[in-house]
Amino acid sequence: MKPAQSSIVGSLRYSPLWGVAAVFLSIIGMVETFAAREVVAGVLSFGVALLLFTGIAAGFQAARLAGTGRRVQVSAPPRVLWTGLLAGALAGLIVGAMVAALVGLSILADLRRIFVNASPGLFLLLTNGEGVAGAYWPVLAGAAAGVLGAGVALLGADQRHPLVVGLSALLVLSLFQDLLDPLFYSAAPLTAVRDVLFAFSGLSPLGAAIVFALSAGGALLWRRCGATARAWYGGLHAAPRRGLRLAALVILIGLLIVLPIAAGPFVATVLVLVGLYALMGLGLNVVVGFAGLLDLGYVAFFAIGAYTTALLTSTGTHGIAEISFWAAVPIAMAMSLLAGVLLGIPVLGIRGDYLAIATLGFGEIIRLLVLSDFLRPWLGGSQGVLAVPKPALGAFELGGPGEIFYLTLASCAILVFVATRLRNSRLGRAWMAMREDEDVAQAMGINLVNTKLLAFGLGATFGGLSGAIFAVLVGSVFPHSFQLLISINVLALIIVGGMGSMPGVIVGALVLVGLPELLREFSDFRFLVYGAALVYMMRRRPEGLWPAATIRRELHTAE
Amino acid sequence: MLWGIRIGILLVVVLGTIGTVTAGHYPARTWIDLVIFGLSQGSVYALIALGYTMVYGILRMINFAHGEVFMGGAYTAYFVADALAAGGDLQRHPILSLMLVLLVAMVTSTVLAVLLERIAYRPLRDAPRLVPLITAIGASFFLQYAFRGLYGSGFRAYPEAEILRGSWEIFGIAILKTQAVVLVAAVLMMAGLYWFVMHSRTGTAMRAVSEDKEAAALMGIDVNRVIVITFAVGGAMAGAAGFLYALVFKQVHFFMGFIPGIKAFTAAVLGGIGNIPGAMVGGVLLGLLESIGPILFLDGLGIVAPYQLKDVIAFTMLVFVLIFRPSGLLGERLAEKKA
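Quick note, the sequences are listed as chains A and B, same order.
Note that the first sequence covers residues 4 to 562 in my numbering.
Note that the second sequence covers residues 3 to 341 in my numbering.
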């Protein structure tokens, strides 16, 4: 039995890291904040789920390592099974013990002097309401979570996959409960369904069972029959296949049109934001993804579009023309185009990281100038430009976020089309040649100056359109809306989505803008999670969520 | 076009300077104060810039999260300073206490920098260049909000040591004691670093790795170790900068690393990124430009509230250095590296 023992000890080498994670999550207040929301009413809160997850993950990892370091199946000899479970339990125990140590520390020293979130409420939560006397609770729970994690690790993929899908469905449904509510209350039969599934906060125990059974069952079914369905689709002729795809597209568009009406103004506003970021992403994608010019000052064009629209249409003190939105948009886009070319000229000779920094400098200069008292008589300084009227179509005013969403959606559709055509054009091929190697591209007869300036200019135009819509969405424009953070977010979303890929931009915008906005109640932690997710994502999947075909090929042949 | 820009900038500078000098609103006293403030601010920038420049020299990547390393050190050391002040030690043994605070700041920042390298950069050393840039941005967010979660989102006032209050009279010029200490400490620190890089064995290895990683590895240099040491040294400098920054501005905040981080990066580029003396010169120059620039160049042109535009001057400087002399003031002209 000696080797098994030593392999158990060795398998615990990463467990303290999970313990550190658990203590960290507790002490920054994430556990306590998340505990206010229930996954399953009266049974499990998000905070507890978060803590248990660290234990489960530690157990899962230890069980994997305690086997031969590879996957272990239930069909494995019982000795491996017991070793795995024991390793899991010990790993969970370590995590729990570290949390218990935190509880112990809270009596010895006043942690709150330094760690503002180490509140009494947190320690009551960690000890199941018993205070310090209940310090055994995290240890027990940790060990149990560890065994659970080990159990999951020992299951075959056929059983594990549906389990994970089922549990994820529980988390997602309870997390988005507030957003689903308006949908459920829109019709009487749906309301009845809601009352079965949900309690006041979180899923009801019965609802949780139903959701879990349905989603896990579905996943199981897909594992069994998914291959057949795929084979059937693959066996279809081109015409019916195109028909199916068209049908899917129509359903998608239909859903997008109905969504803001059904889901209420909050979701509609979030969708508009996603759309605006997607517009910027499409523009920056032209500059960075197609032409390979790293631009960190993209927000400047967003700002120029927004300010131009605001100044031209505003009925307030700073308005200069009071023309309609539709007349202002082309001017705003032209201004952005001009700005893109003008900013492009001096930086023509700069490459790579230096270009990123130079453009970052430009972006900040624009914001600081707009903010300054120097230009205040024209641009309003920190008070901004107010009273930007909503756009109108005849007598119909696009007032609410729902209507502006359609405007954004239409703009997105047009720009996706434009960007696709650009990519497949002679200019697009020149951009990509330049991205791969400037010198070779020049030797092939590509005019680098024109090609680069067109990339900057056209990319900027997209940003200008986004800014114009932003101005009418908010109804006023302030310099504080144009932080460097926006440039960074847009860059992050096209990279997370997949460089150079248009569906990637949309997916990136949904994930990096939509999710954090929807989960606003956890706003204190959204950037924490966002940052961690960016790092994790880049380590695991550097090509992005929905990569363009060429980039994917490149990254995988390079290995 | 480029000549037009050059002439335009030159006109602004010359006309502005003439305007300000002839108007004579400001007595010599103000100018001296501004210069001294600029120097002490600039030396803090220089210390942070060292971290950027050393990492860039070796890995050819921008460590965007370096500003957060600076913040982490200063913020963590606050609690030591606070405890010392509460116990009265800060007034009884001021030098010893301040050294302790400095040590904590440097150690925290060093640990942060090394963790950053291990978690966010090392696994991606051979990835396309955009990838580590994004992890750096992600790590930067993570660190900011991790510290916010740990220590709270408010400003915290650094306790003041009695002996650093007031000013010294040097050559008939009154200099705030904190500014003098910052200046001297920063110069000492930079001199030490310069000696370390130029004359120690590890420093030689660092320079070798930054020249050519493969060749250095063939010469028996442990490249990974050198990279870790580079991050550690850069982190320690950032921690020291954090401490000095807190001495001057007397408050800490979870977001305090962002602006000095960008400024220090500007300083590093100004001096020639990858070049250690360049970072020092760039930092001091940037500090000076920021403090006297707005009044010297812009006030004379009749621009209202010129001080609001100090960052515009800093960033304009950055852009122009990149356009006209991308290798920086002290950098040698590098062969164009493939991006």
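Just so you know, not all the hints are guaranteed correct.
[To be verified] Just so you have them, the derived chain A footprint on chain B, three or more residues with Cβ under 8 Å:
1. 122-128
2. 188-200
3. 225-233
[Claimed, not checked] One-sided and incomplete, this derived list gives chain B residues near chain A with beta-carbon spacing under 7 Å:
4. ILE64
5. ALA88
6. ILE97
7. VAL133
8. LEU152
9. GLY154
10. PHE157
11. ASP301
12. ILE305
13. GLN310
14. PHE317
15. PRO328
16. LEU332
These are calculated hints, taken from the structure and not from any lab test.
Beta carbons: idealized from backbone N, C-alpha and C, even for Gly.
Structure-inconsistent hints, enumerated in ascending order: Going through the list in order, the structure violates hints 2, 3, 5, 6, 10, 11 and 16 and respects the others.
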